Amino acid sequence: MNPELEQILAEFKRRSGFSEADYEVKQRADNQVLVLQMANPSERFFRVLQGSISSESPEQGLLATIQKRIPRNRLQSPEARYLLQTLSESLNISRHSFGDDFFARYTKSVSNAEAQITAAANHIVFGRRGAGKSSLLLYALRTRDRDKQPSAWIDMQAYEGRTDIRVVVDILRETLTQLRARLEKAPNYKDVLGGIDRMRRNEGLTDEDVRRFLPDVRALFAHGVPDVKNYFLFLDDFHVIDPSTQSRLLGFIYSIARGNNLFLKISAIETLTRTWDSRSHVGLQVPHDAQTIKLDYNLTMPDKAAKHIEGILDAHAQYCALPSVQFLCTSHDVITRLVWVSAGVPRDALNIFAQAMTKGATEGRGRVSVTNVNVAASEMVSQKMRDLDVDVPEGPLEGDLTTALELIKDFCIKKKRKNAFLIEILNEDSFDKILKLVDLRLLHVISEGITVGEAGRKYLALILDYGFYTGIRAAQSVDLFNKQTGRIAYKDLRKLPVFVP
Amino acid sequence: MKTPHLLRASGNVRMMKENLINIISRNALSAIQSEINRNVKQLFALGMSHYNFAVRQNNRSWRQKVSRLYYASYNVSRAVRLCEDGEFSTEVADHKKVGSLPDRFPNKSSYANRLSILREDRNLCDYDHTCLIGDLVTSVPDAIVLVEEFLRDARTYIRGKGIIV
Chain L
1 MNPELEQILA EFKRRSGFSE ADYEVKQRAD NQVLVLQMAN PSERFFRVLQ GSISSESPEQ
61 GLLATIQKRI PRNRLQSPEA RYLLQTLSES LNISRHSFGD DFFARYTKSV SNAEAQITAA
121 ANHIVFGRRG AGKSSLLLYA LRTRDRDKQP SAWIDMQAYE GRTDIRVVVD ILRETLTQLR
181 ARLEKAPNYK DVLGGIDRMR RNEGLTDEDV RRFLPDVRAL FAHGVPDVKN YFLFLDDFHV
241 IDPSTQSRLL GFIYSIARGN NLFLKISAIE TLTRTWDSRS HVGLQVPHDA QTIKLDYNLT
301 MPDKAAKHIE GILDAHAQYC ALPSVQFLCT SHDVITRLVW VSAGVPRDAL NIFAQAMTKG
361 ATEGRGRVSV TNVNVAASEM VSQKMRDLDV DVPEGPLEGD LTTALELIKD FCIKKKRKNA
421 FLIEILNEDS FDKILKLVDL RLLHVISEGI TVGEAGRKYL ALILDYGFYT GIRAAQSVDL
481 FNKQTGRIAY KDLRKLPVFV P
Chain R
502 MKTPHLLRAS GNVRMMKENL INIISRNALS AIQSEINRNV KQLFALGMSH YNFAVRQNNR
562 SWRQKVSRLY YASYNVSRAV RLCEDGEFST EVADHKKVGS LPDRFPNKSS YANRLSILRE
622 DRNLCDYDHT CLIGDLVTSV PDAIVLVEEF LRDARTYIRG KGIIV
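Sequence order for the protein chains is L and R. Under my numbering, the first residue of the first sequence is numbered 1, with each subsequent residue one higher. Under my numbering, the first residue of the second sequence is numbered 502, with each subsequent residue one higher.
If you are wondering where the hints come from, they were derived from the structure by calculation, not from laboratory data. In this text the structure is predicted, and so the values were computed from the model without any measurement. Be aware that a few hints might be false.
[Stated by the list, open to error] Pairs of lysine to aspartate or glutamate residues, derived as DMTMM-like cross-links and limited to a Cα-Cα distance of at most 20 Å, are as follows:
id : chain 1 : residue 1 : chain 2 : residue 2
1  : L       : K384      : L       : D410
2  : L       : K26       : R       : D636
3  : L       : K294      : L       : E114
4  : R       : K597      : L       : E56
5  : L       : K68       : R       : D643
Construct all of the structure, not just a fragment, from the sequences and the given hints.
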């Protein structure tokens, strides 16, 4: 290959991220042509290639192109390896995820929450780990970036477990620093920043000191800046703040934001979050001060959840020069099984699919099978059980949860031989444990409320995580609820066995 | 192209029209626009006639096929450029612009790259007596698909500008 083509190839790989792309060099009488080969050469790759050609040989122009080819072994193709790398990068979302390709790779939520999250209102997005909370917040952030509207993004992990009052001051400083380009036009910007720095140095800082300072910060946001409609403050993974401090912290921030063109967009795990303290009347009261967006109930609409999961995987596959995720699967049953084993949780689906791809490739197979998905899911349940140890403090609750889970497993797998069941919604500890197991993704809600017989008694419909009864295949003795991810009929829910704790 | 002809009056008839806006009447401006539109249609029709000729050839005439397919796309590309920004040229160098399409044209980069490759293949077919069918970068069936897709997208694009082609 001539040096110019080598430069173009290197530049293409660097710009696209597709470092193992197949290619051939076509030798002609008076020139060489670099022909890159992909299963689905999309516009993105041509755009990158054109950019690479013009950066290396602006005058010469033509030297390289891309052609479609179907790889002999799909799972071991460069495209599949690129997808594995991309899936791995997608498992944790930060404000920098996906760069300029964000909108091409984003798949809208099952409940179409995008219109809400971009609205000028306060929102709390609740969802389990991997449900897509941060992605939804990031969608709003990127939409605002596109519209040239200012936002600040605080990754709350940096403040994990904090209970001290200085956490308020630290978050304010980070917010004002991120918004510097717009806020510094206000006459008191430097004074406010100086005041914050003094408070950070104050060892004996009290709530009252902070409270007295907040009107100055309010004035900062109230100062009109041309072309700024409003400000958004994103607080990602808010639940990592110590529960005793959460409502107090939100109270301070909300007192700056309220009616002041500053809107809060918060993501959190619901059962680990306390936004309002009803005794001291401090915090953010739902739904008066903020509206909630819940991402936990994907399996109540399994047909939509299936489309959503497939849509997310398709977006990643197409980004990696594959026509669709189905291209890598032996049949459509692979995706329906993936939806159930991941319980509609996007991150779990990506993770399990990546594991299933690796297993298929290791076995020398060309495509992912239902068996590969089953095995990956059964291994994932061990990870979730480890989460139980990590997320639940040592003590009686941990033991209680393990016992509750064992009872449910026994009920579903041995006694009733069904993977779905009902439990009455009661304001009792036993029901709280069920919700905790839902949070840990060991149980999954398939209906939020159903009346079976007697009026006034409502039941939650749940399925036990697939990982408990799938190995190479799903246990034959367990009747799987709604295997094909169809729309759920109430008559089928009413027939489910009732678990009494 | 015989004189007098609107497209001979300026290298860019849209720019010419914009510069005459305070000099000639609204009716005269409208007549210029109608004439631009008529030429867009004729260029598109010329491209279609090359395409229809190309697909009628049998596979032994692969040189003719590739050559006419290229000319189909080149003339339709000229129609798009005339419609979009009033650009028209009869210079040889204009062939280099076969893939210079408007920013909003669908799959702009893909067409820019693949039509340029087709142009290179056409040069081999028309001028290199030693070339073999295996020297083509784009196979004949792929070239037909490429040009059909381009013609379809161009038709939609031009219609979106209010010119029925």
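Do the hints match the structure? See the list:
Between K384/L and D410/L the CA atoms are separated by roughly 18 Å; this keeps the pair inside 20 Å, and the hint holds. Of the pairs offered as hints, the one joining K26/L and D636/R holds, with about 8 Å between alpha carbons and a cut-off of 20 Å not exceeded. For the suggested pair K294/L and E114/L, the alpha carbons sit about 12 Å apart, so the restraint of at most 20 Å is met. Of the supplied pair hints, the one linking K597/R and E56/L holds, its CA atoms being roughly 18 Å apart against a limit of 20 Å.
With a C-alpha separation of about 10 Å, the suggested pair K68/L and D643/R falls inside the 20 Å cut-off, and the hint holds.
Violated hints are absent here; each numbered hint is respected by the structure.
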